[in-house]
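**Student:** Heads up: the protein sequence lines correspond to chains A and B, in order.
If you read the first sequence in our numbering, its first letter stands for residue 1, the second for the next number, and so on.
If you read the second sequence in our numbering, its first letter stands for residue 1, the second for the next number, and so on.
Read the hints as simulated data drawn from the structure, not as lab findings.
Hints are not guaranteed to be accurate.
With a straight-line cut-off of 25 Å between C-alpha atoms, the simulated DSS-like cross-links for lysine-lysine are [what the hints assert, rightly or not]: (1) A:LYS256 <-> A:LYS286; (2) A:LYS256 <-> B:LYS19; (3) B:LYS102 <-> B:LYS256; (4) A:LYS19 <-> B:LYS256; (5) B:LYS80 <-> B:LYS294; (6) A:LYS80 <-> A:LYS102; (7) A:LYS102 <-> B:LYS102; (8) A:LYS286 <-> A:LYS80; (9) A:LYS80 <-> A:LYS294.
Treat the numbers as computed from the prediction; the structure is a model and nothing was measured.
2 protein chains.
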Amino acid sequence: MQANGISEEELFSFLSLKKGEDSNYHHVLSSMCTIPHPVAVRAHQMFIEANLGDPGLFAGTASIEELLIERLGTLFHHPKAGGYATSGGTESNLQALRIFAKMKSSRRPNVVVPESAHFSFEKACDILSLEMRTVPSDETFRMDVDALQDRIDENTCCVVAVAGTTEYGVVDPIRVVSEITHDAGVPLHVDAAFGGLVIPFLDPEIPFDFALPGVSSIAVDPHKMGMSTIPCGSLLVREPSWFGLLNVETPYLTVKQECTLAGTRSGGAVVGAFAVLEYLGMSGMKAVVEGCMKNTRRLIEGMETHGYRRAVTPDLNVATFEAGAVPPGWRVSWTRRGHMRTVMMPHVTRDVIEEFVRDIGEMDA
Amino acid sequence: MQANGISEEELFSFLSLKKGEDSNYHHVLSSMCTIPHPVAVRAHQMFIEANLGDPGLFAGTASIEELLIERLGTLFHHPKAGGYATSGGTESNLQALRIFAKMKSSRRPNVVVPESAHFSFEKACDILSLEMRTVPSDETFRMDVDALQDRIDENTCCVVAVAGTTEYGVVDPIRVVSEITHDAGVPLHVDAAFGGLVIPFLDPEIPFDFALPGVSSIAVDPHKMGMSTIPCGSLLVREPSWFGLLNVETPYLTVKQECTLAGTRSGGAVVGAFAVLEYLGMSGMKAVVEGCMKNTRRLIEGMETHGYRRAVTPDLNVATFEAGAVPPGWRVSWTRRGHMRTVMMPHVTRDVIEEFVRDIGEMDA
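Hey, can you work out the whole structure from these sequences and the hints?
**Tutor:** Structure (structure tokens):
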């Protein structure tokens, strides 16, 4: 640290410079985050000092967190789901596995995860000392359910299915998975970090949530397709009492127990997430999601016109291609199998898609 | 979720109502968070969409994170410390233990923690399946170093010391602890979540940081005494390469590996933390800390005038008392031993202290 401070003017001119080194999301097709919705930003600002880790001091913010969970629970066909706002998908997935590992209390617990799952499961299993067993994907990059049964044994504490894979934007056959896990008496955690705020607004809806009796818990991140500010993930569980397994005593706080991973938690981002859902409602979210899906279909069509074949027809707003080169100035990413991967987040407008398709076409020429 | 959205006006009038149920911090003596500094709020707003989980997209924000870590490392007498911005003290403490448990690779690793330690260690040990051994406190609520040696054995992967206990605001005798752990070849993690941005500005300074050869890692939370917005904690380690133990592969991101607990991470809060330190500098932080310490001494004096004896003379801006009742409208908390606990954060001004002392006096009358 410097001996003396600098002026606010000097400080913010330095920060502006640094801001210029950040992407402005304009040509970013690789991200599952997006420019937050203006009502999220305004709400976050309003609750900027709120700490959900001390809910007795921030009773208003805490009640908004409850409302957010209730809204998400209702959306997922279980208004009485338990839940809380996490720092994001990794915490949600980790905490779900933690609950189910505690329920099982096996000496050598394992978790069965599709090979398409997000790398946060590798992290979570490492942290929790759980064996991670992977289920291969079928040719559409969805979980091969025929291979699932073999992976489950008496030490399996949880099966994971993905509702919207990060890489290919496909949804695992969760109805079938749910039947298998329900019959086997094994909890099923659905990682819908991305898809949880897409699928309910699709027509027809793809089964993935608590309407399926085998689904025990769902992770969904408002800071992805919920257009909230960072950090706002959430974990919902079928039985609110399950969170009791994670409780520690919290002396010197306004509440006596805490089941969350973090202590201090951002209230602002949580109010922001709630604000977006309230402001847009089902109809507004449908319009956003329809726009993203339309852009996804348009990109696939445009890319195929130029000879770049889709890797798969996605369920969600992620498009992947057999393509090798990227026009300069664009950000795309690559799947582990080497496909070009793009995500049509709300900031990726129709104009951006057309510009990208044109640039792709010019590379050919 | 509702079928149709609501207007922005309707939404924000509801949020205002909820905001009214939150504390405004005015009569809050129980919190280690505070009203964020205006430059932190402004900086957070400016970088509200930045995601440190994808540093290739946010190169400017990522370089500010590096600067923040460098500033903190320098403050802690080790400019070349490795580090990253966490969601808060719990993540920092958990990640430190995770590093040291991996280094040890014992089948039954244990962690030795003072009984005064924050409950996040209980959480972290539960999550990481580590045995937690506690060291009793002496009569000043500091770690009883005579009892430390007994707790360490060949399966001890880490010893924890606290630089600023949550309950009593005292600093463990870290110089002595550091000698013991150094001799034993056991890493020493210092939880300075609260004190890390207090102690360096005290006169005389209390030894707690990398200047002591035994100290391996330090947790410090800018969102406490650093007056940043939530969430901004940080973990610093003596050897940057240690974070390699935590790496997972991150396909489809702009970087190839990730050692953090969370994936998506708030850039705004991190820039906010950096902004406060730059704006205030050493001299500004000293002034803030001196003010808090003066208020702490004044509260102790005022309380003792009314016959409420201090539980201990604190090192930091936490004051605890043998007192039973609280004047109405005030928020204090209680230690596990039943002492009244108050924290003189920057929002607890001299006027607030005088008001509290007066209200305490009137209860007597």
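**Student:** Decide, hint by hint, whether the structure agrees.
**Tutor:** Against the structure, the hints:
Between LYS256 of chain A and LYS286 of chain A the alpha-carbon distance is near 40 Å, which puts this suggested pair outside the 25 Å criterion. With a CA separation close to 23 Å, the supplied pair LYS256 of chain A and LYS19 of chain B stays within the 25 Å bound. The hinted pair formed by LYS102 of chain B and LYS256 of chain B meets the criterion: a straight-line CA distance of about 21 Å does not exceed 25 Å. Taking the CA atoms of LYS19 of chain A and LYS256 of chain B, the gap is about 23 Å. The hint holds against a cut of 25 Å.
Distance hint between LYS80 of chain B and LYS294 of chain B is unfulfilled; the C-alpha atoms sit about 33 Å from each other, more than 25 Å. Distance check on the hinted pair: LYS80 of chain A and LYS102 of chain A sit about 22 Å apart at the alpha-carbon level, within 25 Å; holds. As the CA atoms of LYS102 of chain A and LYS102 of chain B are separated by approximately 22 Å, the hinted pair is consistent with the 25 Å bound. For the proposed pair LYS286 of chain A and LYS80 of chain A, the alpha carbon gap of about 23 Å is at most 25 Å, so the pair holds.
Annotation: proposed proximity of LYS80 of chain A to LYS294 of chain A is violated, straight-line Cα distance about 33 Å (limit 25 Å).
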